[in-house]
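Novice: Here is how the chains run, residue by residue.
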Amino acid sequence: MKKQPVAIGYLERFAADYERESGNISIPEIPVRNGIKIAVVGSGPAGLSFAGDMIKLGYSVTVFEALHEIGGVLKYGIPEFRLPNAIVDVEIDNLRKMGVEFIPDCIIGKTLTYDDLHEMNFKGIFVASGAGLPRFMNIPGENLIGIMSSNEYLTRVNLMDAANPESDTPVIKGKNVAIIGGGNTAMDSVRTARRLGAQRAMIIYRRSEEEMPARIEEIKHAKEEGVEFLTLHNPIEYIGDERGRVRQMRLQKMELGEPDASGRRSPVPIPNAIETIDVDEVVVSVGVSPNPLVPNSIKGLQISKWGTIVVNQETMRSDLSDIYAGGDIVRGGATVILAMGDGRRAAAAMHEQLQK
Amino acid sequence: MNKIVSKEYFSEKVVKLVVEAPLIARARKAGHFVIVRVGEKGERIPLTIASADTEKGTITLVVQAVGRSSEKLCALHVGDYITDVVGPLGQATHIDKIGTVVCCGGGVGVAPLLPIVEAFKKAGNRVITVLAARTKELVILEDEMKKNSDEVIIMTDDGSYGKKGLVTNGVENVINREKVNLCVTIGPAIMMKFVSLLTKKYDVPTVASLNTIMVDGTGMCGACRITVGGKTKFVCIDGPEFDAHQVDFDEMMMRLSSYKDVE
Ligand SMILES: Cc1cc2nc3c(=O)[nH]c(=O)nc-3n(C[C@H](O)[C@H](O)[C@H](O)COP(=O)(O)OP(=O)(O)OC[C@H]3O[C@@H](n4cnc5c(N)ncnc54)[C@H](O)[C@@H]3O)c2cc1C
Ligand code: FES
Chain L
0 MKKQPVAIGY
10 LERFAADYER
20 ESGNISIPEI
30 PVRNGIKIAV
40 VGSGPAGLSF
50 AGDMIKLGYS
60 VTVFEALHEI
70 GGVLKYGIPE
80 FRLPNAIVDV
90 EIDNLRKMGV
100 EFIPDCIIGK
110 TLTYDDLHEM
120 NFKGIFVASG
130 AGLPRFMNIP
140 GENLIGIMSS
150 NEYLTRVNLM
160 DAANPESDTP
170 VIKGKNVAII
180 GGGNTAMDSV
190 RTARRLGAQR
200 AMIIYRRSEE
210 EMPARIEEIK
220 HAKEEGVEFL
230 TLHNPIEYIG
240 DERGRVRQMR
250 LQKMELGEPD
260 ASGRRSPVPI
270 PNAIETIDVD
280 EVVVSVGVSP
290 NPLVPNSIKG
300 LQISKWGTIV
310 VNQETMRSDL
320 SDIYAGGDIV
330 RGGATVILAM
340 GDGRRAAAAM
350 HEQLQK
Chain X
0 MNKIVSKEYF
10 SEKVVKLVVE
20 APLIARARKA
30 GHFVIVRVGE
40 KGERIPLTIA
50 SADTEKGTIT
60 LVVQAVGRSS
70 EKLCALHVGD
80 YITDVVGPLG
90 QATHIDKIGT
100 VVCCGGGVGV
110 APLLPIVEAF
120 KKAGNRVITV
130 LAARTKELVI
140 LEDEMKKNSD
150 EVIIMTDDGS
160 YGKKGLVTNG
170 VENVINREKV
180 NLCVTIGPAI
190 MMKFVSLLTK
200 KYDVPTVASL
210 NTIMVDGTGM
220 CGACRITVGG
230 KTKFVCIDGP
240 EFDAHQVDFD
250 EMMMRLSSYK
260 DVE
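Chains as they are written, first to last, in numbering that gives the first Met the number 0: chain L, 0 to 355; chain X, 0 to 262.
Read the hints as simulated data drawn from the structure, not as lab findings.
Given the structure is predicted, the values throughout are model-derived calculations rather than measurements.
Cβ atoms here follow ideal geometry from the backbone N, Cα and C, with glycine treated the same way.
It is possible that some hints are incorrect.
Claimed, not checked - The list that follows gives simulated cross-link-like pairs (lysine-lysine, BS3-like), each with its CA atoms no further than 30 Å apart: (1) Lys122/L <-> Lys55/L; (2) Lys298/L <-> Lys230/X; (3) Lys230/X <-> Lys259/X; (4) Lys192/X <-> Lys304/L; (5) Lys298/L <-> Lys259/X; (6) Lys122/L <-> Lys298/L; (7) Lys259/X <-> Lys96/L; (8) Lys199/X <-> Lys178/X; (9) Lys174/L <-> Lys259/X; (10) Lys178/X <-> Lys192/X; (11) Lys163/X <-> Lys28/X; (12) Lys230/X <-> Lys172/L; (13) Lys174/L <-> Lys232/X; (14) Lys36/L <-> Lys146/X; (15) Lys122/L <-> Lys28/X.
What the hints assert, rightly or not - Simulated coverage check for chain X against chain L, where a stretch passes if three residues somewhere in it have a Cβ under 8 Å from a Cβ of chain L: (16) 20-27; (17) 129-140.
Stated by the list, open to error - Taking beta-carbon pairs under 8 Å as the criterion, some of the chain L residues facing chain X (in silico): (18) Asn84; (19) Asp88; (20) Leu132; (21) Asn137; (22) Ile138; (23) Asn142; (24) Ser148; (25) Lys174; (26) Asn175.
Could you build all of it, start to finish, from the sequences and the hints given here?
Specialist: As structure tokens, then:
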């Protein structure tokens with residue numbers, strides 16, 4: 000997790016560079032097409048970096064994306080104020096100019112199956128479908144109106160542009176907004192809430208600030224923007240009004256106990272220390288798990304008990320000789336830089352295999 | 000971008016659209032749906048695939064204009080393109096030969112009911128279809144249903160067509176008259192709730208196809224979550240069909256009103 004600063008830090012630098020350089024980005028020369036067709040499932044950082052390397056090696060690359068936009072988490076998750084879409088689009092445009100074909104609105108496992116891809120003569124498949132499934136805490140009242148996953152909140156605002164009055168997609172703009180969790184996604188959500196007009200935007204985290212997985216810079220930014228941090232607090236119940244809208248939440252205060260298996264001191268409830276606060280919007284950001292859609296649709300693929308695709312760590316190759324995988328679908332929630340690295344390694348290994 | 004190849008009005012507010020989507024037409028089964036988006040600032044809305052033609056590469060959608068997005072879609076003409084159509088999504092209906100199946104629907108639920116009626120009939124079941132509407136003008140797809148059912152019972156609130164009464168009256172009459180092995184219900188949440196209460200009383204296994212708010216339709220956001228048998232489920236990937244007797248319809252109705260104040 001601590002690799003993250005490099006990742007988006009790099010993209011942020013790239014953002015600044017882009018301002019200067021835009022307009023004169025050169026497209027590398029592409030070798031003669033070798034006629035071998037390669038399919039990529041998912042257009043996040045893993046899929047894009049893989050596609051870039053394979054197209055440069057002369058393959059015909061098609062990227063299938065379930066959503067209507069190309070870019071994965073870079074588009075639907077990470078907010079505009081941290082990574083402008085224009086920057087991601089330059090990268091995508093370059094790939095397009097080099098010959099990568101992007102097919103949005105196409106779900107592998109649903110619209111097209113693994114067998115279909117074979118029939119279409121794809122000789123290699125790189126699965127980079129991300130870790131899309133949001134987790135909830137399963138506590139009372141969690142399905143009240145105004146409580147949603149960070150994926151839903153960020154997708155509405157980033158992908159669907161819901162804060163723009165011209166957009167058809169609605170979003171609730173809460174006055175007292177609580178974000179549950181301490182990762183980058185939680186920081187992105189809380190800073191988004193602040194920008195959408197929240198008077199009180201709070202991070203609720205059950206451990207202490209030291210254990211927060213978010214990058215230090217993100218925590219600092221959030222604080223500078225007036226975000227409140229309720230660390231060592233854990234939600235135990237939500238309370239709604241007669242129309243089912245969330246109005247309050249009950250928080251169990253915690254203290255740090257003995258270190259657990261991960262080495263982090265685990266939080267334990269302080270008896271009878273329960274607090275009730277007013278909230279009208281809650282964003283649950285307690286992690287994601289891999290979307291089972293692709294893994295389940297491919298017979299013979301080895302899946303771990305966490306739902307990730309099992310691959311050889313060096314080659315990113317799965318048990319099926321033509322399927323490689325990388326990014327969050329292999330690692331669970333990871334980072335942009337790791338996802339991109341996986342894409343590169345998978346491309347190199349697949350190229351080597353196809354040369355034989 | 001998917002082209003609209005034909006458009007037909009079932010009633011003033013209900014439109015049948017045939018849309019080019021060869022891959023979806025090939026892959027879809029009864030019970031599947033698509034997510035549709037109209038315009039670059041458009042919302043993503045789920046719509047059941049009413050039927051498909053694999054040769055022509057088209058799917059049929061039946062759309063009722065109820066809000067901004069469905070109105071936009073209904074306003075499109077033949078030759079226009081729908082910005083995005085993605086699918087087929089959800090779990091297909093579990094179709095088996097089980098005996099007598101009562102399929103009941105009202106309002107927007109009638110269109111998604113059609114492929115299920117067809118599939119159960121094709122599998123060799125005795126299919127009795129109960130269609131409900133407020134008044135005669137709002138009864139849709141009657142002929143299509145008749146072609147695929149052993150019997151079609153029409154119920155109208157005002158008695159202007161068929162029998163006077165609610166969908167539940169129609170279903171109860173059938174249950175009282177013969178052995179029913181399965182009931183399938185699609186329609187407004189309140190209707191499904193009362194059908195479910197009724198069939199529970201008579202111990203008739205019942206499947207409800209749920210139409211919650213959705214965003215992505217692939218399990219990514221949780222906007223579509225509901226409670227089934229005390230557990231949270233995502234309608235877009237676990238459903239849209241569930242054991243009606245286990246569904247918390249009150250919570251579902253509440254969640255459907257999430258954006259009433261915002262829209
Ligand atoms: C809000 C947020 C903030 C983050 N901040 C940081 C940060 O600061 N630094 C950092 O390093 N990391 C950060 N991360 C994590 C990082 O974004 C991910 O690790 C990375 O995006 C994973 O890349 P990926 O290519 O594996 O998957 P994704 O980016 O998730 O892309 C997967 C794509 O595949 C598509 N897809 C899924 N299933 C199918 C299918 N069946 N057919 C076709 N397409 C499919 C999905 O729609 C998606 O577009 C953040 C994540 C979030 C959500
Ligand atoms: S619509 Fe997003 S998870 Fe079901």
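Novice: Take the hints in turn and mark each one as holding or not.
Specialist: Going down the list of hints, with the structure as the test:
no., hint, result
1, Lys122/L <-> Lys55/L, "holds, 17 Å"
2, Lys298/L <-> Lys230/X, "holds, 28 Å"
3, Lys230/X <-> Lys259/X, "holds, 26 Å"
4, Lys192/X <-> Lys304/L, "violated, 37 Å"
5, Lys298/L <-> Lys259/X, "violated, 43 Å"
6, Lys122/L <-> Lys298/L, "holds, 17 Å"
7, Lys259/X <-> Lys96/L, "violated, 44 Å"
8, Lys199/X <-> Lys178/X, "holds, 14 Å"
9, Lys174/L <-> Lys259/X, "holds, 18 Å"
10, Lys178/X <-> Lys192/X, "holds, 22 Å"
11, Lys163/X <-> Lys28/X, "violated, 34 Å"
12, Lys230/X <-> Lys172/L, "holds, 28 Å"
13, Lys174/L <-> Lys232/X, "holds, 29 Å"
14, Lys36/L <-> Lys146/X, "violated, 46 Å"
15, Lys122/L <-> Lys28/X, "holds, 28 Å"
16, 20-27, "holds (count 3)"
17, 129-140, "violated (count 0)"
18, Asn84, "violated, 13 Å"
19, Asp88, "violated, 14 Å"
20, Leu132, "holds, 5 Å"
21, Asn137, "holds, 7 Å"
22, Ile138, "violated, 11 Å"
23, Asn142, "holds, 6 Å"
24, Ser148, "holds, 4 Å"
25, Lys174, "violated, 14 Å"
26, Asn175, "violated, 16 Å"
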